[in-house]
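Asker: Sequence:
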Amino acid sequence: MLIHSCAALNRYTVRVEVIYCPRPGQVDTVSLPLQPGASVTDALQASGLLARHGLALQTLTAGVWSRVKPLDTVLRDNDRVEIYRPLTVDPKEARRLRYKRDRGAAKQKA
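Residue 1116 is where the sequence shown starts when you use the working numbering, and the numbers rise one by one after that.
It is worth saying that the hints were derived from the structure and are not from the lab.
Please note that the accuracy of each hint is not assured.
[What the hints assert, rightly or not] What follows is a list of derived Cβ distance ranges for each label pair:
hint	residue 1	residue 2	range
1	L1202	Y1127	15 to 25 Å
2	T1128	R1218	48 to 58 Å
3	A1209	G1152	18 to 28 Å
4	R1182	A1209	20 to 30 Å
5	D1217	T1156	40 to 50 Å
6	R1210	D1187	10 to 20 Å
7	N1193	T1156	16 to 26 Å
8	Y1199	T1128	20 to 30 Å
9	Q1150	P1206	21 to 31 Å
10	D1143	R1216	36 to 46 Å
11	Y1127	A1171	27 to 37 Å
12	T1174	Y1127	25 to 35 Å
13	T1144	V1189	43 to 53 Å
Idealized CB from N, CA, C, for every residue including glycine.
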């Protein structure tokens, strides 16, 4: 009977994963069941990540499977909701700095 009730639970829930990287190399992941029709906002609030990392829902940028989505987007089974951090360095500037650093290291070895 337990197997039957687990199957019934899976039929009436949507499994999602909510992911946040507070800093490079650190990942906080929460998997949770939600009711069908649940939105990105519902997943973010149910995950506990907002409170754990001191994030405000109104200022967040979030997405599903690497695509920015509005917070009212309805989720499907096995979706991955991602909370995006603001960039701290412009990607072009970071590339220039890496090039200068690596080029200088190569000259010192020669």
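Asker: Now tell me, hint by hint, if it's right for this structure.
Answerer: Comparing the hints with the structure gives:
Range check, L1202 to Y1127: about 40 Å between beta-carbon atoms, so the 15 to 25 Å window is missed. A C-beta distance of roughly 53 Å is found between T1128 and R1218, which places it inside the suggested range of 48 to 58 Å. Distance hint for A1209 and G1152: a CB-CB separation of about 40 Å, inconsistent with the stated range 18 to 28 Å. For R1182 and A1209, the hinted distance range of 20 to 30 Å is satisfied, since their beta carbons lie about 23 Å from each other.
For D1217 and T1156, the hinted distance range of 40 to 50 Å is satisfied, since their beta carbons lie about 43 Å from each other. Range check, R1210 to D1187: about 35 Å between beta-carbon atoms, so the 10 to 20 Å window is missed. At roughly 19 Å, the beta-carbon separation of N1193 and T1156 lies within the given 16 to 26 Å, and the hint holds. Under the hint 20 to 30 Å, the C-beta atoms of Y1199 and T1128, about 26 Å apart, fit the expected range.
With their beta carbons about 38 Å apart, Q1150 and P1206 fall outside the hinted range of 21 to 31 Å. Between D1143 and R1216 the C-beta distance comes to about 30 Å, which lies outside the given range of 36 to 46 Å. The hint said 27 to 37 Å for the Cβ distance between Y1127 and A1171, and at roughly 31 Å that hint holds. The given range of 25 to 35 Å is respected by T1174 and Y1127, whose C-beta atoms sit roughly 33 Å from each other.
In this structure the supplied range 43 to 53 Å is violated for T1144 paired with V1189, their Cβ-Cβ distance being about 21 Å.
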